[in-house]
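Chemist: Can you make the complete structure from the sequences, with help from the hints?
Be aware that the sequence shown starts at 6, since it is given in my numbering, and climbs by one per residue.
Note that these hints are calculated values from the structure, not bench results.
Careful: at least some of the hints might be erroneous.
[Claimed, not checked] Mimicking BS3-like on lysine-lysine, the simulated pairs with C-alpha atoms at most 27 Å apart in a straight line are:
#  : residue 1 : residue 2
1  : K69       : K55
2  : K276      : K46
3  : K165      : K211
4  : K211      : K161
5  : K170      : K144
6  : K170      : K46
7  : K276      : K69
8  : K165      : K144
9  : K149      : K161
10 : K173      : K69
11 : K251      : K165
12 : K211      : K173
13 : K165      : K69
14 : K161      : K144
15 : K276      : K55
16 : K144      : K251
[What the hints assert, rightly or not] Simulated restraints on C-beta separations:
#  : residue 1 : residue 2 : range
17 : K149      : D208      : 33 to 39 Å
18 : G75       : G53       : 26 to 32 Å
19 : T196      : K149      : 43 to 49 Å
From the three backbone atoms N, C-alpha and C, an ideal C-beta is built for every residue, glycine too.
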Amino acid sequence: MKRTLALTTTLGLVAMPAFADVNLLSWGGAYGNSHVEAYAKPFEAESGIKVNIADADNPATPIKAMVEAGNVTSDIASVEYADAVRLCDEGLLELIDPSVLAPADDGTEVADDFIEGAITDCFVGTDVYSMIIAYDDSKFSDAKPATPADFFDLEKFPGKRTMRKGAKFNLELALMADGVPAAEVYDLLETPEGVDQAFAKLDEIKSSVIWWEAGAQPPQLLADGEVTMAFAFNGRIFDAAQGEDKPFNIIWDGQIYEMEGWVIPKGAPNKEEALEFVTFSTAPAQQARAAEFISYGPPRRSAAALVGNIEGTEEPMSPHLPTTEENMSNALGSNLDFWVDHDAELNERFNSWLAG
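Modeler: This is the structure we're talking about:
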């Protein structure tokens, strides 16, 4: 892919053409670092195109604002699937032709190699992450929490909790903690009674919850001893436990998994370079490499077997990925269509509930 085209000037000198940079909006932290190490650095080396990375608590928010304002400064962004669908429906994203994507090494076509839902009109998946329950092992000497119900049991497992500020994920967790089977969660949330049940369950721990908005907050709250349990992104907890040697354990039971991936804002100034970056970074080898830096599973089937050890160690990464078979035994796939349809109304109710 590396560009080597030279231009001859009128003086007979050879000049290299100037190629546009790619401006990428990411999430920061350990996740952002995986973008730097697995995608940006090797892409720069391969293509000669510089990648400038900025961070946001949720890149979908500034992307929407800059497109609507007609002042687009980012060429590509990492967003959650539901946000990608919503932004695409609102006409705020460029279409991405899947024909630009690289096939699997064995020739398997892109459509067959990516898991279901990983490619849409405006989105290409880069990773499968999950919201999980984590706890500080040093805070529980006898019985250890192991289920969503335990997260809500303040008597048996005392201490404050931390949860993401918003309806998504929390309503699902509340219903599972209240005994609703994972397969029935979204059918129930489609009804007023189901929503009421979820909020009633959240009422049980509302006064003991510290609400977070940035992914870096939950491991810090655990480390500072402000909470004993957290509902957080699995990669953030993994990074703190592995990289900082924190006594944090992950409960995979009841994990809620979803995808993140690339979108290109409508009117991106360097669209062609952004498409080159999408092609490079979603190849199987690069997705597998990213999974070695943070414990998010690759959405390409051919990439799973390529994932090696945790970066800098001799320990395999596979047991720490949400997509590993044993970690999926009681997992709930986030119903992306549900949240596209109900995000606004349920967040309005959540904010009213939180203020009440």
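Chemist: Run every hint past the structure and note whether it holds.
Modeler: Going through the hints against the structure:
Restraint check: the Cα-Cα separation between K69 and K55 comes to about 24 Å, which is no more than 27 Å; the hinted pair holds. As the CA atoms of K276 and K46 are separated by approximately 19 Å, the hinted pair is consistent with the 27 Å bound. Straight-line distance between C-alpha atoms of K165 and K211 comes to about 10 Å, which keeps the hinted pair within the 27 Å bound. Of the supplied pair hints, the one linking K211 and K161 holds, its CA atoms being roughly 17 Å apart against a limit of 27 Å.
With a CA separation close to 24 Å, the supplied pair K170 and K144 stays within the 27 Å bound. The suggested pairing of K170 with K46 is violated, with an alpha-carbon distance near 33 Å, which exceeds 27 Å. For a cut-off of 27 Å, the pair hint linking K276 to K69 stands: about 17 Å separates their Cα positions. Our distance criterion of 27 Å between C-alpha atoms is met by K165 and K144, whose separation comes to about 11 Å.
A threshold of 27 Å between alpha carbons decides the hint, and for K149 with K161 the separation of about 9 Å falls inside it, so the pair holds. Taking the CA atoms of K173 and K69, the gap is about 19 Å. The hint holds against a cut of 27 Å. Using a Cα cut-off of 27 Å, the hinted pair K251 and K165 holds, with the two alpha carbons roughly 18 Å apart. Taking the CA atoms of K211 and K173, the gap is near 16 Å; set against the 27 Å cutoff, the hint holds.
Between K165 and K69 the alpha-carbon distance is near 34 Å, which puts this suggested pair outside the 27 Å criterion. The hinted pair formed by K161 and K144 meets the criterion: a straight-line CA distance of about 12 Å does not exceed 27 Å. Taking the CA atoms of K276 and K55, the gap is about 14 Å. The hint holds against a cut of 27 Å. This hinted pair checks out: K144 and K251 have alpha carbons roughly 12 Å apart, not beyond 27 Å.
Between K149 and D208, the C-beta spacing of about 25 Å breaks the proposed range 33 to 39 Å. Restraint check, G75 to G53: a C-beta distance of roughly 30 Å satisfies the suggested window 26 to 32 Å. Look at T196 against K149: about 34 Å separates their beta carbons, and that is not inside 43 to 49 Å.
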